[in-house]
Structure formats: C-alpha cells, structure tokens
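Fit chain B to the supplied structure of chain A, relying on the hints for placement.
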Amino acid sequence: MTLGIAGLLLCGLAISAPGAVPRAFPFAYEQHDFPNGLRLLTIPDDYPNVVALYIVVQAGSRNEVEPGRSGYAHLSEHLMFRGTKAYPPQKYESILQAAGASSNAYTTDDFTAYHTTFSKEDLELILRMEADRFRNLHYSLEDFRTEALAVLGEYNKNSADPMEKLEEVIRDTAFDRHTYKHTTMGFLKDVQDMPNHYDYSLLFFKRYYRPERTTIIVAGDVAKLDVKGLVEKYWADWPRGDFRASIPQEPPSHGPRVNEVRWPTGTLPWVTVSFRGAAYSDQHKDTAALDLISFLGFSETSDLYQKLVIQEQKVDVLVADNPDRLDPYLFTVWARVKRPEDMDYVKGQILGVFDKFRRVLVPAERLEAVKSHLRYRFLLSLDNSESIAANLAPYVALRRTPETINRLYEMYSQITAEDLRSMAIKYFVESGRTIVTLKGAKSQ
Amino acid sequence: MKFFLAAILMIASANLPAQIQFVTRPSRSPLVSFRIVFLTGAAHDPIDKPGVASLTAAMLSQGGTRQMTYKQIVDALFPMAVSVTSQVDKEMTVFSATTHIDNLETFYRLFRAMLLEPGWRGEDFERLRDEAINYLRVNLRGNNDEELGKEALYNQIYSGHPYGHNNVGTVSALQKMTIADVRAFYRDHYTQDGLIIGIGGGYPPRLLERMKEDFGVLPQKARPEPGWYEPKLHRGIQLTMIRKDTRAVAISLGFPIPVRRGHPDYPALLLAQSYFGQHRMSGGVLYEQMRQLRGLNYGDYAYIEYFPRGMFQFEPDPNLARRSQIFQIWIRPVEPSTAHFALRLALYELDKFIRQGISEGEFERSRAFLSKYVNLLIKTKSAELGYAIDSLYYGIPDYDTYIRESLSKLRAEDVNRVIRKYLRTTDLDIVIVAKDCEGLKRQILEGAPSPMTYNSPKPKEVMEEDKIVDRWKIDVKPENVHIVSVDTVFE
Numbered sequence: 169m170t171l172g173i174a175g176l177l178l179c180g181l182a183i184s185a186p187g188a189v190p191r192a193f194p195f196a197y198e199q200h201d202f203p204n205g206l207r208l209l210t211i212p213d214d215y216p217n218v219v220a221l222y223i224v225v226q227a228g229s230r231n232e233v234e235p236g237r238s239g240y241a242h243l244s245e246h247l248m249f250r251g252t253k254a255y256p257p258q259k260y261e262s263i264l265q266a267a268g269a270s271s272n273a274y275t276t277d278d279f280t281a282y283h284t285t286f287s288k289e290d291l292e293l294i295l296r297m298e299a300d301r302f303r304n305l306h307y308s309l310e311d312f313r314t315e316a317l318a319v320l321g322e323y324n325k326n327s328a329d330p331m332e333k334l335e336e337v338i339r340d341t342a343f344d345r346h347t348y349k350h351t352t353m354g355f356l357k358d359v360q361d362m363p364n365h366y367d368y369s370l371l372f373f374k375r376y377y378r379p380e381r382t383t384i385i386v387a388g389d390v391a392k393l394d395v396k397g398l399v400e401k402y403w404a405d406w407p408r409g410d411f412r413a414s415i416p417q418e419p420p421s422h423g424p425r426v427n428e429v430r431w432p433t434g435t436l437p438w439v440t441v442s443f444r445g446a447a448y449s450d451q452h453k454d455t456a457a458l459d460l461i462s463f464l465g466f467s468e469t470s471d472l473y474q475k476l477v478i479q480e481q482k483v484d485v486l487v488a489d490n491p492d493r494l495d496p497y498l499f500t501v502w503a504r505v506k507r508p509e510d511m512d513y514v515k516g517q518i519l520g521v522f523d524k525f526r527r528v529l530v531p532a533e534r535l536e537a538v539k540s541h542l543r544y545r546f547l548l549s550l551d552n553s554e555s556i557a558a559n560l561a562p563y564v565a566l567r568r569t570p571e572t573i574n575r576l577y578e579m580y581s582q583i584t585a586e587d588l589r590s591m592a593i594k595y596f597v598e599s600g601r602t603i604v605t606l607k608g609a610k611s612q
Numbered sequence: 030m031k032f033f034l035a036a037i038l039m040i041a042s043a044n045l046p047a048q049i050q051f052v053t054r055p056s057r058s059p060l061v062s063f064r065i066v067f068l069t070g071a072a073h074d075p076i077d078k079p080g081v082a083s084l085t086a087a088m089l090s091q092g093g094t095r096q097m098t099y100k101q102i103v104d105a106l107f108p109m110a111v112s113v114t115s116q117v118d119k120e121m122t123v124f125s126a127t128t129h130i131d132n133l134e135t136f137y138r139l140f141r142a143m144l145l146e147p148g149w150r151g152e153d154f155e156r157l158r159d160e161a162i163n164y165l166r167v168n169l170r171g172n173n174d175e176e177l178g179k180e181a182l183y184n185q186i187y188s189g190h191p192y193g194h195n196n197v198g199t200v201s202a203l204q205k206m207t208i209a210d211v212r213a214f215y216r217d218h219y220t221q222d223g224l225i226i227g228i229g230g231g232y233p234p235r236l237l238e239r240m241k242e243d244f245g246v247l248p249q250k251a252r253p254e255p256g257w258y259e260p261k262l263h264r265g266i267q268l269t270m271i272r273k274d275t276r277a278v279a280i281s282l283g284f285p286i287p288v289r290r291g292h293p294d295y296p297a298l299l300l301a302q303s304y305f306g307q308h309r310m311s312g313g314v315l316y317e318q319m320r321q322l323r324g325l326n327y328g329d330y331a332y333i334e335y336f337p338r339g340m341f342q343f344e345p346d347p348n349l350a351r352r353s354q355i356f357q358i359w360i361r362p363v364e365p366s367t368a369h370f371a372l373r374l375a376l377y378e379l380d381k382f383i384r385q386g387i388s389e390g391e392f393e394r395s396r397a398f399l400s401k402y403v404n405l406l407i408k409t410k411s412a413e414l415g416y417a418i419d420s421l422y423y424g425i426p427d428y429d430t431y432i433r434e435s436l437s438k439l440r441a442e443d444v445n446r447v448i449r450k451y452l453r454t455t456d457l458d459i460v461i462v463a464k465d466c467e468g469l470k471r472q473i474l475e476g477a478p479s480p481m482t483y484n485s486p487k488p489k490e491v492m493e494e495d496k497i498v499d500r501w502k503i504d505v506k507p508e509n510v511h512i513v514s515v516d517t518v519f520e
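For the record, the sequence lines run as chains A and B. At position 332 of the first sequence (counting the first as 1) the number is 500 in this note's numbering, and the numbers step up by one without a gap. At position 312 of the second sequence (counting the first as 1) the number is 341 in this note's numbering, and the numbers step up by one without a gap.
Since the hints were derived computationally from the structure, they do not count as laboratory data. Some hints here could point you the wrong way.
Computed cross-link-like contacts, DSBU-like style, restricted to lysine-lysine with a CA-CA straight-line distance of at most 35 Å [what the hints assert, rightly or not]: (1) Lys470(B) x Lys333(A); (2) Lys357(A) x Lys464(B); (3) Lys357(A) x Lys489(B); (4) Lys241(B) x Lys261(B); (5) Lys464(B) x Lys333(A); (6) Lys253(A) x Lys381(B); (7) Lys100(B) x Lys482(A); (8) Lys607(A) x Lys78(B); (9) Lys482(A) x Lys489(B); (10) Lys470(B) x Lys475(A); (11) Lys487(B) x Lys333(A); (12) Lys349(A) x Lys489(B); (13) Lys487(B) x Lys259(A); (14) Lys502(B) x Lys259(A); (15) Lys259(A) x Lys392(A); (16) Lys205(B) x Lys515(A); (17) Lys453(A) x Lys381(B); (18) Lys357(A) x Lys450(B); (19) Lys259(A) x Lys450(B).
Pair ranges (Cβ atoms, derived) [said to hold, decoys possible]: (20) Phe341(B) x Pro531(A): 49 to 59 Å; (21) Ala477(B) x Pro420(A): 56 to 66 Å; (22) Val528(A) x Gln101(B): 37 to 47 Å; (23) Gly397(A) x Gly390(B): 28 to 38 Å; (24) Asn364(A) x Asp159(B): 45 to 55 Å; (25) Pro508(A) x Ile512(B): 20 to 30 Å; (26) Pro531(A) x Thr207(B): 56 to 66 Å; (27) Met331(A) x Asp159(B): 15 to 25 Å; (28) Pro432(A) x Glu134(B): 51 to 61 Å; (29) Ala585(A) x Ile512(B): 52 to 62 Å; (30) Lys259(A) x Gln101(B): 30 to 40 Å.
Small disclaimer: the values here were computed from a predicted structure and weren't measured. Even glycine gets a Cβ: it sits at the ideal position worked out from N, Cα and C.
Isolated chain A (complex conformation) (with noise of 0.2 Å):
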C-alpha cells in the first residue's frame, strides 16, 4: 500500500496558501507498506548529495520484561556493530569508510535508532549492508563477552554526572511493576552480569528485529533514486516476527514518594518533581498540554524561572520535561540549587507553580507565545536532512508516520487554558508526586 501524502514543498520549506492552517511537518513524503510489516517513508529534500537514513525499531528498554535483564536493548544496538557473516565488523567499517558515512545509533525507553548519513551515490550499498546485520546478526560468544564491557564502559564514563544517578533514583522510587522503573543503561547490576546472557541476548535480537517493528526512514537529495525498489530488493524477505511483549502495567501509585541522593563528591544540589504524566497521544489533549504546562511554567520565560535564576539567583539550571512515552511516563522539574541551605524554599516554589496551574487560568497572550515558540522550534530544527530524519524518528518510533506530527501539533494549537487547568487537576496530585533530592558530600 503506498500513500501519497501531498504535502506543500518548494525548494524545502512551508509555504501555504492564505488563510490554510500550515502543516508542522512541512515537507512532503511517501509512506509505503510493504507485505512483512516493515513501512518506508521517503522524504525526498532540496539539501544537496546528502542521504539520511534512519531505521527505528520499536524496541527499548520498556521491551526488557524478564528480572535481572535491564539494558539489553542497549546491549542490541551496540551487538548490531558485531557484524554478520557476509559483513564481519572490519569490512562493514571499511565500506562505511569508503562511503565517507556518519554512522551511529542510540537506544530509548521506547525505542531503538539506527542511523547512518552518507552521499546519494551510496544509498543501494549502505542498504544492502544494513538490510544484512538486521536479518543475519552474528556474533560469537567471546565477541559477545567483549561487548558486554563496552557497555560497562558506557556506564562507567556517564556515571560522573549526578544527573545520570538522580534519574535512575527518579524512575526506581516513581514506579514499582512497570519497565519505565530501569533506565535504558539499565541497573549496574545487570549491567556488571551481562557477559554470562548471550543467549538471552539472542532472544531479545530475535523477539524484536522484526520488519513489523520497523521504520526505515530515507531523506534527503533522493528525488531521482528508487528508494521503494532499493528497499525492496534488500528488505522484502525479511521475514515477520509474532512476539508480543506483556508490558507490566503500573498500578495507581499511592505517593507521595521521596528519596534522596548522597552523591560521594562535591558538586551542587538538585532538587526534582516528578508528577505521572500521560502516555503519548495526538488523539486526546494530554500530551499537548502538559508540553504547553512545561514551557509556561519553567521555561526561560516562565515567572519561575525568572524569579529564581534571574532575579533572587538561588537556582542555576531550571529545567521541565514531559518525553513523549509509549505508556504513562514522568512530567519532572529539575533544578540545580546554588546554596543547600535554599533546598526547600525551591522545592516549595516548585510546588507552588504545580498548584497555580491547578487554580488558575493562564493568560491567553502567554499560552499564544508558547505555541509561537513550539511551532517556530520545530521548523528551526529541519534545516538539512539529517535533522530532518532524526526529528521524525522518535515520532515513526511511537505512530509510524509522520501525520502524528500534524495531529500533535494541531492539537496544541486547540489547546485552551481551561484545558491545561483541568490537565493540571488531573495530572499534578499528590498520590502520584515523587520528589527526589540530591546532595554533594559538600557545598560549593
């Protein structure tokens, strides 16, 4: 099935009649099906030579159901670079040389990316290879071992940053049954246990590699190639998988939670407030208000902001997050005080802007500013091909297409200030706070 989305594009940008609302994702693209599930959208850009190619499979740290397995989505990804047999690691770096590409990957609660940025001239062969390691992986027990350490060293050079710590303390004391509870590294535990799991890992690689799963996404300078032909010489055969991960559900929480961090050095203290928030959705206006709520309320723009890192100075980073997520996820506030001694008088602020929105109507000049912002962020953001095709992946990861970006949008765009009152009646109470705090083992 092929859908031919008509979308308004000269020479890469947005222009749209007078008077038609504009579309937020501006450019037009070719989603297309194919029979084993995988879906291929083709984005073809006015940026010059440059191909992006992004292939997201919905695959994250939320898939890792069994205990004592926390981190193998991660583990996937760095074991997608082990290579195959037609393609063993050395040769599959060397073509990536010769190709002059940029090739990388990352992995999410949600999601697993992997994306590669290279000259139109080589899109068949950069297919070709990745269509192999997505079907034929291989790797040996001692390779597998070795790459186990790999990611022990990822945790090792993150875990000097209080940040990283806190948010592990964060999703372990926010959630008792769902996988949101781990983050993607995953607990240290597991992590240090993994070298003695490469059939487990075999097991996850082969439940989620699975066309189904996957998105591929091709933008650039591809106006004249045959992405769909390419795609299906190399992907079509891949065959479906029929896994289906039991997802734990999180019961309601009986909050509210706290927890505090001791960090071993000197460094500033961090006070967080987490509320749960809402699964992603275009449908319903959840996930757009509590976005809207996260800029009026602790933006640069926000009283709150201006009020402690502006004016009194107690508070240098203030910051909110409300990450789109598969299931119901964290709405958190971070703020990193200057003074420990200031702790509770920012937590108390924090509270006190969570509860304004519960009483009070936002002026409508303000919420008109926010989605200005929103709007004008996400065009700023397309300006070449890559970002292009990052900015749609974690969109693909969650819905597949790019229109959740035109719902999503529009639905901010409808948004009122009754509606982010009520979404803050609903959202931010109490049985479902978490506070986490960290200290230094002294002040600075």
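Just chain B, lined up with the frame of chain A:
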C-alpha cells in the same frame, strides 16, 4: 553543497576604513543564519583576568541591552524560538543564531542591540559570573571527568602561555572580576578590524548594507594583540593525576604540533589522525584495538584540532580556529584495574603507528572516507558559514574544496613522512583523573607488568601483543608526576 556560488566579500571602501569582513551564503531557504565573529578570545585575556573574554561574551548573549532587561529580551525572543548563543575560544568569539524569515526584522533589531548596546547590569553580571564559576566547579570538575581531563591537558601543555588557562577562566579570577573589567574588554576588543559577519539563508540583500552601517558604530582601531610565541616543548613525559572520588579512570594525552589548516602537512596529518582514531567512529585503530578487541571502554580517539564537548556531539563546532594545536589521544573512562594497561596500550599503538605507518590500502580507504565525510561537516547553513569564516582565518579555500583537492594529490608516503615527523611517544603530557592516584602512580613508576584478564578467549595475536603491552615502559620520572586534588583544578 551550495545553492549559489560562495561569496566572500571584503567590504573596505575608502569612505569606511574599518575592515568589517562579510562572509555570505545566500539561499532560498526560509531560515536566516547569523554568525558574528570577533577575532578575540581567551588568549587576549589580561594575564591577571583569565575568563574576562568569556564573561564579556556572556554579558552580550545572556544579558540585557541599554533599552531592555534580560527578561524582556527572553520574552521577546521566545515566541520566535530563537536563541542567541556565544562561544569563546582562544582566538575567536562567535555569536550565532538562526531565525525564520517571518521574524527576521524583529529578531535582527534585538540581536543588533544585544551586540552593540549592551546594558551592563549588575544583576546580569552576578548571575553570569556565578554561572561561569559553577561551570568550572560543577559541570567540568564535578560532573564530567573526561572533559576535565582534556581541559586540564590543554592547561598543562600550554602552561605559562596565552593558551594556558581554561576559556571560562579560573575561579579565583572570576571572583575578583568586576563589570568594569568586562566593559574594558568590550571596548578594547570588539572592534571593526576584528569583525567577520557571517550571514546565510534567505535574507534580503539590503540587510548587508544595514549591518555594515549598524556595526560601523564599533571602534575601528586595531585590537591589542597578545604576546605570541610557540608553546614550549616539555622534555620527557609529564604526568598530572587529578585525585577525585570517581568510579572510573579518565585519561588524555598529547603534545603541541606546528600543523594547522593551511600548513602544507595538514591534509596528510588529518588523514593520519582519521585512520588512527576518527572521532566517535568505529573504524579507527585505537577504537579497534582498545574497545572492539579488548572491551576496555566505550571508545578511544585521536585529534589534531581542538574539539571540546566531544562526548555530546559527533561533529566539531566551527569557529575554534587557533594558531597552535595539539595532537591528542582521548581514552574514555576505563575500570581502575585496567587503567595502567589501557595507557600502555594507547602508547604502544601510537608507537606502532609511528614505526609501521599506513599501508597503501589503508591510505586509500581513509582518503576516500575523508573526501566524502567532509560533506557531512557542512550540513547546516550555520556550519557552512562557520567553516567559511574559519577558512578566511586560515587563508584557505572553502574547507570541503581544500580537503578534497589536497587529498587528491596526496600519497601514502606523504602521510608516513608526517607521521614520523610530528608524532611521538616521548616528550608528551598525560592527564589522568582517578580515585586512587597514588596506587596508579606507583604502578606506572615501578613499571611492573599489568597483565589483562579477559572474560572470553582472545585471538592468539591479541594475547601475543598483550605480552608486549603489559610490560610497555612508560618512561616517566618521579619528579615529573604531580598529584593534585580536583578542588584545585581551575581554581
């Protein structure tokens, strides 16, 4: 790569003796990118005021103007989703921003005022000075052992030199700094003769004339130059160990090189570096030997140009052009028990590289890689402008053309010549961030074997090579090893 032919305009008419230089990259994009570069930076900090260049730039990009408070500026920029960022390196200070054409007029008025009519408010100064101190103490010293090690390495190599302090300064100097200091720096260093205006995208041509006129209010006079000399070469291996309560061990090492863009040996040395340790790619020798075969850490790379924030990005930021660069090896954090072996292995691989050089096949592959990879560095209009400005600084053609054309003339023997000429395993600086510095120091000085144990069988060649590596002599004299507490670094 370009929609239109690149144009580098030098505007220097008889009526306007000031030499503002323009670098333009027009296109039909709905986005407009600015890169405003002043040829000044941390190398121009007065000797008793390290950090003043950086704080001055922060006062412009994150402070108010004469007419508007910082809050008013943030509120005005917010609906356009534009942010003005500044980056200060040794020789360059850049202010960059990209706006949608819908908002060009509103944004440009703000941007112009931010750069030309700074407000110099006390509360902005206090906040930004705190931010700078916290960057050094918390972000760098506290939270990022890798960047800490790399930045400390630069300080050590350039000790006593205009490049010898962190771009953000030192904590004690920042604590004493005043608004008068940043105002004086702005007055003396933000001048027309050191200004390069980069603009790209779908801007109207008349904007150039307007900017020429607007920025013409800056003083025309020449900036004071810092006293310049080549960094002195350290004799023997100098080892600094930074004691910190941390899980893993971060290691960086390097030495100054006289090669920079435009130097006849730059393309050959770039190729050598790419083959030996291309940043964040899995094809390099170091990566292959240390991570891929032995699982020592997350990755290992080599550099011939300054590349800060490498743990967060794949491509370097432009406008970090320097008169002097170093060759550097970055060993990502290793388990403490393998730190001695990892350092030995990196030095062994470097030694082997110098002795054996690069084969014809490896040369051809690296050349093919770089000839195409250079396209990917210049993905955005802003990056294209940044590279063009750097090319102006170094006196070379556009970077992609420069690299492709130089590589096409290169031979493997040229690369092997520069490897032998510039790379070495003696007379270098090493910085290690670790918890048990005393123990590691003892191991290194004693030079006892540091055999590896692996969790899986290794190929025979690896095991044979390990027998050489685990006895590799790191020829460092006890008097050249210095252990410092992390609290003293950048103070």
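Hint check results:
For the hint pairing Lys470(B) with Lys333(A), the CA-to-CA distance comes to about 29 Å; that is within 35 Å, so the pair holds. Distance hint between Lys357(A) and Lys464(B) is fulfilled; the C-alpha atoms sit about 21 Å from each other, no more than 35 Å. Of the pairs offered as hints, the one joining Lys357(A) and Lys489(B) holds, with about 31 Å between alpha carbons and a cut-off of 35 Å not exceeded. Using a Cα cut-off of 35 Å, the hinted pair Lys241(B) and Lys261(B) is violated, with the two alpha carbons roughly 41 Å apart.
Only pairs whose Cα atoms come within 35 Å are accepted, and Lys464(B) paired with Lys333(A) is accepted, the gap being roughly 18 Å. Only pairs whose Cα atoms come within 35 Å are accepted, and Lys253(A) paired with Lys381(B) is accepted, the gap being roughly 30 Å. Using a Cα cut-off of 35 Å, the hinted pair Lys100(B) and Lys482(A) holds, with the two alpha carbons roughly 16 Å apart. Distance restraint check for Lys607(A) and Lys78(B): the Cα-Cα separation of roughly 32 Å lies within the 35 Å cut-off, and the hinted pair is therefore satisfied.
For the proposed pair Lys482(A) and Lys489(B), the alpha carbon gap of about 59 Å is over 35 Å, so the pair is violated. Straight-line distance between C-alpha atoms of Lys470(B) and Lys475(A) comes to about 48 Å, which puts the hinted pair past the 35 Å bound. Restraint check: the Cα-Cα separation between Lys487(B) and Lys333(A) comes to about 34 Å, which is no more than 35 Å; the hinted pair holds. For a cut-off of 35 Å, the pair hint linking Lys349(A) to Lys489(B) is broken: about 42 Å separates their Cα positions.
For a cut-off of 35 Å, the pair hint linking Lys487(B) to Lys259(A) stands: about 20 Å separates their Cα positions. A threshold of 35 Å between alpha carbons decides the hint, and for Lys502(B) with Lys259(A) the separation of about 33 Å falls inside it, so the pair holds. Taking the CA atoms of Lys259(A) and Lys392(A), the gap is about 29 Å. The hint holds against a cut of 35 Å. Between Lys205(B) and Lys515(A) the alpha-carbon distance is near 32 Å, which keeps this suggested pair within the 35 Å criterion.
For the hint linking Lys453(A) to Lys381(B), the alpha-carbon distance of about 61 Å lies beyond 35 Å, and the restraint is violated. With a C-alpha separation of about 47 Å, the suggested pair Lys357(A) and Lys450(B) falls outside the 35 Å cut-off, and the hint is violated. Between Lys259(A) and Lys450(B) the alpha-carbon distance is near 31 Å, which keeps this suggested pair within the 35 Å criterion. For Phe341(B) and Pro531(A), the hinted distance range of 49 to 59 Å is not satisfied, since their beta carbons lie about 36 Å from each other.
A C-beta distance of roughly 59 Å is found between Ala477(B) and Pro420(A), which places it inside the suggested range of 56 to 66 Å. Val528(A) and Gln101(B) have their C-beta atoms about 23 Å apart, which leaves the hinted 37 to 47 Å range violated. A C-beta distance of roughly 33 Å is found between Gly397(A) and Gly390(B), which places it inside the suggested range of 28 to 38 Å. Between Asn364(A) and Asp159(B) the beta carbons are some 48 Å apart, a value that agrees with the proposed interval 45 to 55 Å.
The hint said 20 to 30 Å for the Cβ distance between Pro508(A) and Ile512(B), and at roughly 29 Å that hint holds. One distance hint, 56 to 66 Å for the beta-carbon pair Pro531(A) and Thr207(B), is violated here, with the actual separation near 39 Å. Roughly 19 Å separates the CB atoms of Met331(A) and Asp159(B), a value that falls within the hinted 15 to 25 Å. Between Pro432(A) and Glu134(B) the C-beta distance comes to about 52 Å, which sits within the given range of 51 to 61 Å.
Taken as a hint, the range 52 to 62 Å holds for the pair Ala585(A) and Ile512(B), whose Cβ atoms sit roughly 59 Å apart. Range check, Lys259(A) to Gln101(B): Cβ separation about 59 Å, and the 30 to 40 Å hint is violated.
When each numbered hint is compared with the structure, violations occur for hints 4, 9, 10, 12, 17, 18, 20, 22, 26, 30.
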